[in-house]
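Chains as they are written, first to last, in this note's numbering: chain A, 1 to 100; chain B, 1 to 478; chain C, 1 to 219.
There may be inaccurate statements among the hints.
Stated by the list, open to error - Just so you have them, the derived chain C footprint on chain A, three or more residues with Cβ under 8 Å:
no.: 1; segment: 30-41
no.: 2; segment: 61-71
no.: 3; segment: 79-93
To be clear, the hints were calculated from the coordinates, so they are not data collected in a lab. Beta carbons are placed, not taken as given, at the ideal position from N, Cα and C, and that holds for glycine.
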Amino acid sequence: MTTGFVFALAGAALFALGVAGVVLIGHLLRRILAFNLMGSGACLVLVGLAQRHDLADPVPQAMVLTGIVVAVAATALALALVRKLHALTGQLELPDDADD
Amino acid sequence: MTEPLIDPLVWLILLPLAWATLAFVLGPSRGAWLGIAGLAAQCGLAFELAQKVGAGGTAVHAVGGWGAPLGIDLAVDGLSAAMLLLTQAVALPLAIYARSYFKADDSAGTWFWPLTGFLIAGLNALFVSADLFNIYVTLELVGLAAVGLVAAGGGAQQVAAALRYLFATLVGSGAYLLGVSLIYSVYGTVSITTLLPLVTDDAPRLVWIAGALMVAGLMLKTALFPFHFWLPPAHGGAPAPVSALLSALVVKASFYLILRLWLGPLQPLLSVFAWLMALLGAAAIFWGSWQAIRAVKLKRLIAYSTVAQLGYLFLIFPLLAAPGALQAGVMQVFAHGLAKAGMFAAAGVLIKATGRDTVAGLAGAVERLPVTMFAFALSGMTLMGLPPSSGFLAKWQIIEAALAQGQWIIAVVVLAGGLLAAVYVFRVLRQAFLLTPASAAFAPVSRTLEWCAFALAAASVLLGLRGVELMQLLGAGT
Amino acid sequence: MKRMVVALVVTLALAFVLLLTGAMLELEPAAIDLRAPVSAHLADSGVTHPVNAVLLNYRGYDTLLEIAVLLLALLAILAVVGDAPASPSRAAHPVLQTLGRLATPLMVVVAVYLLWAGAFRPGGAFQAGAVLAAAAVLLHLVGLLPGWSTPRLRLRIGLAAGFALFLAVAAALLTQGSLLQYPPDAAGALILLIESGLTVSLALILAGLFLFLAREEGA
């Protein structure tokens with residue numbers, strides 16, 4: 001059980017936690033945090049499994065750097081939308097979709 | 001061979017990125033003209049590329065000169081060329097439409113141009129990418145642009161719809177990214193061409209999980225039943241040109257990716273799921289049509305129709321053994337793309353004229369807005385599958401492929417779907433043909449809007465007469 | 001009903017983790033090892049650090065698109081926020097303000113170092129831009145930098161210039177080869193040029209992700 005595997009297992013657990021969080025939690029800020037957990041989990045799996053034989057591989061590390069930037073962009077947009085929703089409705093949870 | 005300077009493949013990505021950036025810097029009035037000019041040039045490039053592929057098979061561009069698996073490859077075959085054609089052909093009329101649609105001080109109109117430019121750039125980049133991780137970045141580009149377009153300048157409903165859409169699309173991309181990570185760990189590469197010979201029937205369990213994750217994530221982004229919950233509020237609440245772009249193009253991008261994986265590297269693994277996809281597709285057709293029949297708001301009705309029509313795309317998966325099924329799927333993508341864009345454009349005109357977004361508010365519309373109602377009717381023709389529209393051609397090809405392989409249940413579902421579509425289309429048309437009460441007021445609407453809607457709807461019908469060329473393009477290089 | 005859904009999701013998540021763990025533990029070594037080609041072409045790539053070589057040269061197209069994503073996110077935020085006026089900055093405790101004044105020049109120096117060091121150790125435009133953006137956020141939090149309202153032409157040019165420069169270089173390189181194909185002797189200089197432009201723009205974009213949102217609520 002090399003360190004790479006430990007990272008990968010932790011990443012798998014984080015990913016599952018993150019998805020469960022986004023699906024189940026109502027509070028929007030916590031959902032955004034859960035999404036970040038999910039992204040971090042996927043990145044950990046990528047890097048961890050690539051070095052499961054204890055040899056550092058530069059390609060997945062570069063891919064994760066790209067993934068982090070994309071996650072930052074998505075988180076920023078999500079936060080802006082949550083702020084706008086709060087400014088308009090005072091709520092921090094998504095209203096039920098009224099199908100009228 | 002064309003000179004590298006005007007290689008259409010690369011310029012289809014660089015050009016929209018360039019005009020989107022310029023549109024942001026220079027402001028909305030010049031941005032609109034930049035967008036329309038850029039899209040016109042892109043239409044030309046897409047045609048040129050389609051001709052090149054039709055004549056000579058696939059085109060490949062190794063970015064940076066390195067070549068896979070070290071670098072990223074861009075590859076165009078018949079399927080990609082067709083998707084590129086559809087994207088530019090739908091986006092150009094919608095851009096002309098949008099220029100007249102948005103009022104001068106509308107925040108949604110100000111930001112429409114740079115956001116749409118990035119959206120089109122992301123779509124073009126997605127359709128030509130042959131690298132799984134690069135596809136992830138293009139998916140995010142498309143997803144964030146779409147969310148921005150839905151939310152721009154909107155009130156609480158629109159922002160909530162945009163947030164719901166954002167969470168759904170992010171979970172989808174996250175699952176896709178985990179799948180790519182697992183594939184890299186098994187094979188050491190994310191290049192599609194390199195992976196093709198490596199993935200076999202006895203691939204390790206991790207590859208099966210990766211394939212399931214990637215397809216599940218993409219299904220969420222395509223709003224396949226039961227993952228469709230985010231689509232009706234997002235497409236129903238956004239401004240009309242945005243709804244048109246999303247329904248016609250954005251949801252097709254993730255479907256294209258499922259097809260690309262199914263026919264490409266993950267082929268040995270995914271055929272197991274074919275009947276599951278068809279079952280979900282059938283459920284989408286019935287559920288979406290039922291909700292459309294019940295919908296009170298016009299744009300919600302059209303959005304549910306999108307959910308239903310996307311179901312047809314997934315019916316082809318058990319039939320992919322024969323080439324006719326793939327052609328049917330692509331024809332349905334084209335038919336629905338053009339028709340739905342036309343329908344949302346027509347709905348935009350009707351909502352502007354009546355001031356309300358309800359089906360009931362359309363009473364008497366046919367007298368005041370005949371061109372728009374004709375456009376709506378033509379789009380409806382395609383969605384119902386009436387000859388000679390491309391919708392008829394697509395559904396006919398699915399039925400033919402189904403009967404040839406003995407899967408008559410799929411043929412039954414297609415026919416039932418057509419009938420259900422007729423119910424909700426005629427709901428709208430019947431309302432429009434009612435006699436107007438004297439007090440009903442219709443605001444004047446720009447001619448450009450009506451004719452853009454008409455052009456898209458007419459194209460969806462006329463494509464049925466020229467379907468052969470599209471089939472030939474698909475055959476090239478597949 | 002809600003508890004059933006929660007139980008179902010949690011069970012599925014647990015099952016997924018166990019399945020994934022089992023599958024991961026039975027992995028063989030990968031079929032293809034990319035470290036060899038990365039090192040083989042390192043001399044021609046323009047930088048000496050393998051991760052940055054992948055990021056800026058071999059997979060530079062990913063970097064181009066990722067900057068597009070970041071710029072796009074900023075545009076989407078601007079579209080959502082609309083035209084509300086920026087809130088006036090509230091001055092913090094004088095000690096904090098002094099700390100801010102002292103820290104900022106140091107952060108600028110660190111950023112320039114990170115940009116230059118990206119050629120031969122972890123660093124580069126993103127890291128430098130992030131440090132500069134952090135300096136801007138710090139100054140805002142202590143009340144020395146007001147929040148930003150709708151960007152005017154100069155700020156818009158600054159936000160877009162780095163990406164535009166990257167696009168221009170990519171297009172120019174098309175004349176002599178494929179997209180983003182750096183000629184080996186000029187690769188280092190071109191990459192440094194692009195990275196410098198990107199540092200400024202990324203700093204503005206990342207700072208903007210915070211500062212454009214620093215407005216009065218309820219507008």
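Evaluated hints:
1. Residue count for the segment 30-41 of chain A with a Cβ under 8 Å from a Cβ of chain C: 0. That is fewer than the three needed, and the coverage hint is violated.
2. Note: the segment 61-71 of chain A has 7 residues with beta-carbon separation from chain C under 8 Å; the three-residue rule is met and the coverage holds.
3. By the rule of at least three residues with a Cβ nearer than 8 Å to a Cβ of chain C, the coverage given for the segment 79-93 of chain A holds, with 7 such residues.
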